[in-house]
Amino acid sequence: DSGVTQTPKHLITATGQRVTLRCSPRSGDLSVYWYQQSLDQGLQFLIQYYNGEERAKGNILERFSAQQFPDLHSELNLSSLELGDSALYFCASSEHRVNTEAFFGQGTRLTVV
Amino acid sequence: GENVEQHPSTLSVQEGDSAVIKCTYSDSASNYFPWYKQELGKRPQLIIDIRSNVGEKKDQRIAVTLNKTAKHFSLHITETQPEDSAVYFCAASTTSGTYKYIFGTGTRLKVLA
Chain B
1 DSGVTQTPKH
11 LITATGQRVT
21 LRCSPRSGDL
31 SVYWYQQSLD
41 QGLQFLIQYY
51 NGEERAKGNI
61 LERFSAQQFP
71 DLHSELNLSS
81 LELGDSALYF
91 CASSEHRVNT
101 EAFFGQGTRL
111 TVV
Chain F
1001 GENVEQHPST
1011 LSVQEGDSAV
1021 IKCTYSDSAS
1031 NYFPWYKQEL
1041 GKRPQLIIDI
1051 RSNVGEKKDQ
1061 RIAVTLNKTA
1071 KHFSLHITET
1081 QPEDSAVYFC
1091 AASTTSGTYK
1101 YIFGTGTRLK
1111 VLA
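Chains B and F, in that order, give the protein sequences. Following our numbering from start to finish, the first sequence increments by one per residue and tops out at 113. Following our numbering from start to finish, the second sequence increments by one per residue and tops out at 1113.
Chain F with its partners taken away, still in its complex shape (with noise of 0.2 Å):
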C-alpha cells in the first residue's frame, strides 16, 4: 500500500542553523504534500503545504521543495530558533479515488539554545 518514509527521526541542531527534514512517498498519484508541526501534547498543524504543479514553496524561514521524478520532498527550516523544537510530520494525499491522507512517522527537531 501507500507509504511515506521520513528521515531522520530525531534532529538536533544549535540555534540559528539549518534543518531538513526529508520525505519519500510510493503512490506516484500523490499530488499533494503538507509539513505538519506537533508541538508537546498539542494538535498537529499546518506550517506549509506544496502542490505537484510546483517545484518550491517559500513562506518566511521555512521553505519546501519537491521533486516528483524522484517521489522526494524535503522542509528546510533557516535561521531555527528554540520555539521550533517540535515534531514533524510530512503527508502525502491524493485525490485519485480515496483522498487518502498519509504521514511520515515524524521527526523530532531539538533546536539548542
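Just chain B, with the same shape it has in the complex (with noise of 0.2 Å):
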C-alpha cells in the first residue's frame, strides 16, 4: 500500500457525461501530480498542485479540470467525455521541496460508452 488512496477504482459512464475522481495523497504530502494511462500507453502529464495551488500543467485538454482542497486531497474533473478518454487515471504524491519518490495510487480505470 502506497499510502495514496483513489476512488472510484472502477468508472463506467456514458459520452458526454461528467465524472469527478479523487485522490488523497500520502499523509504529510504536499504535492499531488495526475496522469493518464491509456491501453499500453506511458503515463501522461496531467497537471501538479502544490499546497494548494496549480503549479504545472501539462496536456491536460481543456474539458479536464481538477483542484487541490485544504486538506490536501485532488479531484480531478472530466466533462464532456469522449470515447478516447477511457484511460486509467493515477494519482501520485511526493514530499515538498525535496525531489523523492511519487507514490501512486492504484488508478482509477475510467470507461466510456
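Source of the hints: derived by calculation from the structure; they are not laboratory data. Note that the Cβ used here is the ideal one computed from N, Cα and C, for glycine as well. Wrong hints could be hidden among the right ones.
[As the list claims (entries may be wrong)] Subject to a maximum C-alpha distance of 27 Å in a straight line, what follows is the list of computed BS3-like cross-link-like pairs (lysine-lysine):
no. : chain 1 : residue 1 : chain 2 : residue 2
1   : F       : K1037     : F       : K1068
2   : F       : K1068     : B       : K57
3   : F       : K1058     : F       : K1071
4   : F       : K1058     : B       : K9
5   : F       : K1071     : F       : K1057
6   : B       : K9        : F       : K1042
7   : B       : K57       : F       : K1071
[As the list claims (entries may be wrong)] Just so you have them, the derived chain B footprint on chain F, three or more residues with Cβ under 8 Å:
no. : stretch
8   : 1042 to 1053
9   : 1057 to 1063
10  : 1084 to 1094
Two chains, two separate frames, one set of hints: put the complex together.
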C-alpha cells in the first residue's frame, strides 16, 4: 500500500457525461500529480498541485480540470466525456521541496461507452 | 516544453542476460532521475533513483548511470529473471519552480525463460 488513495477504482459512464476522480495523498505530502495512462501507453502528465496551488500543467484538455483542497486531497474533473478519454488515471504524491519518490495510487479505470 | 525520451519501447532478453534502457531529458535544471517499474494491472513503483550530484548508483542487480553533460541516464538490469518482465518508466524532475515530474514513454521488458 503506497498510502495514496484513489476513488473510485472503476467508473463506467456514457459519452457527454461528467465525472470526478478523487485522490487522497500520503500523509504529509504536499504535491499531487495526475497522470493519464491509455491502453498500453505511457504516463501522460496532466497537472500538478502543490499545497493547494496549481504548479504545472501538461497536456491537459480544456474539458478537464482539477483542484487541491485545504486538506490536500485533490479532484480531477472530466467533462463532455469522449470514447477516447477511456484510460487509467493515476494520482501520485510526493514530499515538498525535495526531489523524492512519487507514490502512486492504484488508479481509477474510466470507461466511456 | 520539457520532455523525456525513452528507448527502446520494447525489449526482449533471454533469462540471465542484461537489459539496458536509455533516457534523454531536455530540461537542464532536472536534478532527480527515478526509475519506476509497472507490472501488469498495478501501479508504478520506484525501483531506483539517482540525483544529479552522483554519476552511478547500484542496488543488487539494478544500476543507474547519469551523464549530465549529455542529459542521458540509463537503467541496467543484470542477470535478468522472468519476474523482471514489466514496463519500466524513467522520469526527470526538478525543484526549479514547478517540481514537475515528467515520465518517459516506457519500455516493455520481456524476459524469456
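Practice task
Run the structure past the numbered hints and jot down the numbers of the failing ones, going up.
Solution key: Per hint list: 4 and 9 violated.
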